[in-house]
Every structure is written in C-alpha cells, then in structure tokens.
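Number of protein chains: 2
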Amino acid sequence: MRWPCQEQDDQMTDLDTDTKPSLFPVSFRYQVLPEDRQHVREIVESTGFFSAAEVDVAVELVDERLAKGEASSYYFVFAELDGRTVGYSCYGPIPATVASYDLYWIVVDRDCQGRKYGRILLEESERLIRAAGGRRLYLDTSSRPQYQPTRAFYEHFQFRCEAVLEDFYAPNDGKVIYVKVL
Amino acid sequence: MRWPCQEQDDQMTDLDTDTKPSLFPVSFRYQVLPEDRQHVREIVESTGFFSAAEVDVAVELVDERLAKGEASSYYFVFAELDGRTVGYSCYGPIPATVASYDLYWIVVDRDCQGRKYGRILLEESERLIRAAGGRRLYLDTSSRPQYQPTRAFYEHFQFRCEAVLEDFYAPNDGKVIYVKVL
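Top line first, the protein sequences correspond to chains A and B. Residue numbers for the first sequence, in the working numbering: 34 to 215. Residue numbers for the second sequence, in the working numbering: 34 to 215.
Heads up, some of the hints might be wrong.
No distinction is drawn between identical chains; accordingly, a pair holds when it is met within one copy or between any pair of copies.
[Unchecked claim] With a Cα cut of at most 20 Å, we get these calculated EDC-like pairs of lysine to aspartate or glutamate:
1. K101 <-> D89
2. K213 <-> D200
3. K213 <-> E113
4. K213 <-> D144
5. K213 <-> E157
6. K213 <-> E68
In case anyone wonders, no lab produced these hints; they're calculated from the structure.
For reference, chain A alone in the conformation it holds in the complex (with noise of 0.2 Å):
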C-alpha cells in the first residue's frame, strides 16, 4: 500500500541549521513490540496532522509486522528518549523491485518536533535501507497546500519530484512521488 508519507510543519525551523548536531540525543529500536500500537497511535494523533483513518492505518502497519515478522514489508525505527518513544519511521521493500524501497512513514510526536528527530530517523533509514541492498528510495505525499512543508523537508534532504498524478487522493489533491538515489 501506498500512502503519503508525513513531517510536521515544526520541524522545518530547524532546517536552516541542519548541520549542528541534535541536542537532544536518541536512540534506536527497531523491534516491533504490541505496545507499539498504542505508541504509534499516540505519536500520530498527537500531530493533529491526521485524520482518524490515517491514524487507523499507521496502527494496521504495526499490526501487519506483529502477525508476520520479519516476513513483513514494513521495517520501523523507533526513536527512544530516556525509554520514551517519541517518533518512528516505517519502510519497506517494494515487491517486484531489485532495490527499490517505499518510505511510508516518519512522524514524531507534537512534544518532540523541532528537535531533529525528523531528520534523524530520516537518516538512519535510509542508512539502513542502503545496507540492505536498496538504491532508490520513494514516497508519496500530497499536492494539497498543507503538505508544503511535508515536501520542502524531503526536497531539502534531496528527494526529487520524479511525477505527480493529478487528482489521485481526491479533485484537486494529487499525489507527488519522491525519489531519491541512495
């Protein structure tokens, strides 16, 4: 499944200093756990960013993993402070590709934005990703004007704008594919 892969708008105010290191450090799970449904539907809500369905979708991805396991196409990284999990990234092979990865989600919770936390789970995926075989990574997001700065954060970490499928989502809300080469 496609969906339009999310950033808050709060952590663009760090964009412009993306070269310091985060103050604020994390660390990284990458098990799934059960109570990682109830996390991840926290950190979703939360954004306010989300509707109830999309939220219900961020928790079937983790449900997907909990059934099947590794056998699963969602990997996530969870972003853990002092045991508190504030923010994950959700992405996975895409099937019938030699090493082509979708990136589905990254979201971090309202408390914790404008920390880095975005960029850095952003990192480590795509670190992660490319130690597995994967070359090219996508994702979609939306033409609507709310999702501006969804799309000037991947454009920043160069993603670029490879085609936009007019009125996909619904009438005048299309869906853009990102790509990036790793």
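Since the structure of chain A is already known, use the hints to place chain B on it.
Just chain B now, kept in the frame of chain A:
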C-alpha cells in the same frame, strides 16, 4: 502492493476488430473460491510471460482475498467458458483515496488468447469499479520493450500514460503509470 499489470501479445491481434462482438461468449464469476488458487496459478503460468516469483504473487492475492473476504482490497472477475476458468482480472480500491482504483492483473490462459477475453475482462472490471463509485483507474507496467504490447493494449482502451519512474523495477526497467478516468 503495486504490480505491473499484464496483457498478452496475442490479444493484440484483435485490436483492429474490437468493435465486433466476441464469438466466444463467457460468463463472469465474482466469488473467489479455494480452487481459484490453482486456476490462477495455471492461467498465469500458461502465458509463459511471468517469473515464478510473479506467479506466487498472483496466487498470494487470491489467498489474501480468501482470508479476508470482502474486507480484502482485492476484487476478482473470473471469465468462465463452459465451466472452465479461462482468465481473470484483479483490481481494488486504493486506500486513502476518494475514488481511485488499481488494476493489478488481467491474464488470459494461453489456449484462449486472441478471443478478446482481455478486453471483456477489462470492460467488466471498469463497469464494476464505476458502479462502486470509482472514477480513476490506475495501472502500472514496465517500460521494457517486452511490455510494448501491454502498453499498446491499454492505450487502445483509453488509458493515458501519466508518469514514468525511471529504473523503478531495476536499472533500465522503469515503472509506467497509466490512468483512465471512468
């Protein structure tokens, strides 16, 4: 999951006579049965067009539908001729869209190609999608020369190439995205 939708070369031979009614009327079946795992495997293998991995994916979509029933995102139309299943299409609504659908597969058994069953399955799928509220039908295929007849088939039936993602499947094997407004 996105998958390169396929048509067989032999069906192209009828394109210039596509206004004639089929000489070989078929009946449609929409219910998915356990024996369709074997039907789908045999039909897809018969074409000689698909890899073993692609055959497995075709069967997995049947499994998904059998496991989840109507809650699955995969819908099927089977074409039957004198009780024999000779081809099928698989399509489904695209999550998070208002009225967009994906056409995943149209495949006709090699023995029965050249009889417009591909066209008939396409038209029946479009009718069902439109009746269900779908207004945009997407399909993906490959940019490789082997798929030129596939692309010509869909272009003949008013699908429009909306984007090409270079090197998506593999180096020099891009994804071509078609759309038809229903």
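Here is how each hint holds up against the structure:
1. K101 <-> D89: Close inside one copy (18 Å) and across copies (17 Å); limit 20 Å.
2. K213 <-> D200: between (24 Å within a copy, 12 Å between copies)
3. K213 <-> E113: Close neither inside one copy (26 Å) nor across copies (45 Å); limit 20 Å.
4. K213 <-> D144: Cα proximity of K213 and D144: none, with 29 Å in one copy and 43 Å across.
5. K213 <-> E157: within (14 Å within a copy, 38 Å between copies)
6. K213 <-> E68: Result: close neither inside a copy nor across copies, 32 Å intra and 42 Å inter.
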